[in-house]
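Undergrad: Listed here are the chains, written in short residue letters.
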Amino acid sequence: MRKHFLSSVAFLLILVVLLAALSPVFRPKNNTAEAGTQDVQADGILGEPENTIDVLFLGNSEAYCSFIPMEIWKEHGITSYVCSTPAQRMYQSVEYLRSVFRTQRPQIVVVMALAICWDYSPVEVVTKMTGEWLPVVRYHDRWKSLQAEDFYKPVRYTHVEADKGYRLYRESRAADTTEYMEPTDAVERLPSKNVRRLEIIHRLCQEHGAQLVLVSVPSTYNWNGRRHNAMTALAESMGIAYLDLNCMQQEVPIDWEMDTWDEGDHLNFTGAKKVTAFMGEWLEDTGLFEDKRSQEAYSQWNVFLQDYLASEASE
Amino acid sequence: MRIFSLLQAGKHATLTSFFSPMYLAFFLPACILFYAVMPKRGKKYALLLESLGFFWLVSGQYIAWLLVSIVSIWGCGLWIGWIQQKRDAAVKAAEKPQRKAIKQKYLGYTRLVLALAALGNLGILLVLKYSGFFVQNVNSVFGLKISVPAYVMPIGISFYTLQAISYLFDVYQGTVKADRNLMRVALFLSFFPQIVEGPICRYNQTADQLWNAGQIRYDNLTLGLQRIGFGLMKKLVVADRLNTFVEGVFDQYWEFQGGVIAIAAVCYTIQLYMDFSGSMDAVTGMAQIFGITMPENFKRPFFSRTISEFWTRWHVTLGTWFKDYIFYPVTMSKPMKKLTGAARKKLGNHFGPLVAGAIALFCVWFCNGVWHGAAWSFIFFGMYHFALILGGSLIAPAVKKLNEKIGFSPEKPFCHLVQVLRTCVLVVIGELFFRAAGLRAGMNMFGRMVTDFRFSSLNAALLEALSIDGADFLIVGVTVLIVFVISLLNEKGICVRGSLQKKPTPVRWAVLYALILYIIIFGAYGVGYVPVDPMYANF
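Residue numbers (the numbering used here), protein chains in the order written: chain A, 1 to 315; chain B, 316 to 854.
None of these hints come from the bench; they were simulated from the model.
In silico DSSO-like links for lysine-lysine, alpha-carbon gap of 30 Å or less:
1. B:Lys817 <-> A:Lys3
2. A:Lys3 <-> B:Lys818
3. B:Lys359 <-> A:Lys3
4. B:Lys411 <-> B:Lys652
5. B:Lys660 <-> B:Lys715
6. A:Lys3 <-> B:Lys355
7. A:Lys292 <-> A:Lys74
8. B:Lys460 <-> B:Lys444
Okay, chain A solo, but in the shape it has when bound:
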């Protein structure tokens, strides 16, 4: 019995060692799609020069549909990056934040409140995290494009995203606002594991001198009074700022006929500009940032700004 147990443990240990040994081969050597990176827009931050990002947006698709870093740069000279992926869970946000803090020192970290409402199974976490710990699992499909240099070349991130993580949607499909943000005393029950992950994010931010802000962007599909109440209580209990843009129709005048591309789930470009305008003002009002538009070290942001303005004008 003992012999069999030890034999099984040895078998598994050797397997893990083999997978760990293969992982560097399969890990993409750059943060580009050609190199095999899967979330190119979000991973673009890995290629940004060190300590150049002032504000980090973390979260699900709502983030990359709502915040336009180039608008914030244009108006306020603040550098920001949207490190968001579709349906990003809180445990993924934690991992993203850890990897960002290795090269950047953002002073404000904005987390999408919606992800805190989403439950997920332990199976999902284990499956996803196995891929993080053993890249051969996550990037196994790179067997098709492996080259000799994958066996010895070090990882070096050189790619920077012109849109800094924002994804542009121009279509317009009106939302149904019948029950949107109806007042209620009810409070949504938030999964405790997400609250714990938020606490980890909060702690990481404190350790790195960053301020954590929770934000709910306008969404008739995703947001309601119950969630607002839950998030307000959570933010209060943790002593962090919470901005519910769903309750700020004056400041963020979303037109639900025009400003959403998928009937109220996400904002389109015009909606994102309204949200970004407010967010840019809010960030500037914190007084934490200096205007970097004329600084030589940030000249590439001005180049990308020209691209952004050209694409904005093209439609």
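Since the structure of chain A is already known, use the hints to place chain B on it.
TA: Only chain B this time, still in chain A's reference frame:
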């Protein structure tokens, strides 16, 4: 509270796939652990609890159907057994001339109970699975607009129903004694690895094994896991990798040349085999972990020389079910015996018995087609195989004469190969209709294959549109070759797993690591792939 949220009824549809992370990494290890820590006397109850728990997690409230059905099968089995006991006592007490009449009387009773129980269980399957198809056809024939019902079916109902009916038939025929133990019947009917896709077991194959399952043995555990790994390779590396190509061509066949459709039909046949036989490897492997030997459902079907032989090697337990519970009862029935006698006089010893045989064969293949699904394409699939098998029997004497005349000996290796290839082609054509989105689509696809057998549009751009490339086909080819070589060795009587087990540990482990790494690296999972449900779970 969090534990309870994991146990929510019907919330774990991913468990229907033996190869989902949820099943392999959590459910199965939890079941093995729970089973292992139970004292010997409690192990059978652990298996039963796990089986019912599995059904609860996947199908939720439908567990009520399962429980009621199990009790009805158990009760009717006892009822039939009780009637038979009474019959035996009455026969024993009666004079010899009266015995036949007494037997007839009791036979009527047992048939009535059998019919009641079988139709009761079959009726639920018929309503849930076929009422929509029936109403659809009534509407189109009579121009009516009756709303077409669409029901959610409990997982594995098609497999479960056949297995349940086989138990009642076996009791009726006296092959097995009616079981007084409700728990044993429940475990036999609901054993969690087999309830999704079979195999369709007989009571005397697994009931006692399950009830007397003992300690988990190390060799069973390792052999079982190896078998699961082999199934995982078939499913993840081949079946799931081919899915986008097969789906793309079958769903929009009108955009493709006949040659491309033919390739898709071959790929679908490979996909179906790898998916279903891979799942069966997993089921057999899981059962082996608990020390239970399941009947094999696949016996290297693509080495078959005729369609008849193919069906003794493909989905074996379904084929034997139809043979034992439809073909034989029909051919051995009084009217058929009479018909055979009369036909033999008129048509001779070869063609005479074929008349009754053809009727029985028709019943078998009609049921086989319909069992697979409520659609005309499935009925056509059944009739296609009926025609091939019957046609083969009808022309057998002429073919024999012709072979003798031209000196074609079926036993020569080349002739053997020709027969195997011919069977494969016929199977692929059948699977084309099986997979097509309806009978008309199947006909159109077949028509294109015949009239436009070209491949010129098969280029990199087309493959890219179908989310597949040359490297995918290469790895599929390599894996199919691996499976082929192993099958060939098995066909020659060499047990690969047994041979591997006798090798020194470093060799054994090296092979296992190679298998695991092969699956991890070449498996079709993760970003860019959509998990594919087990194909036979939908039947």
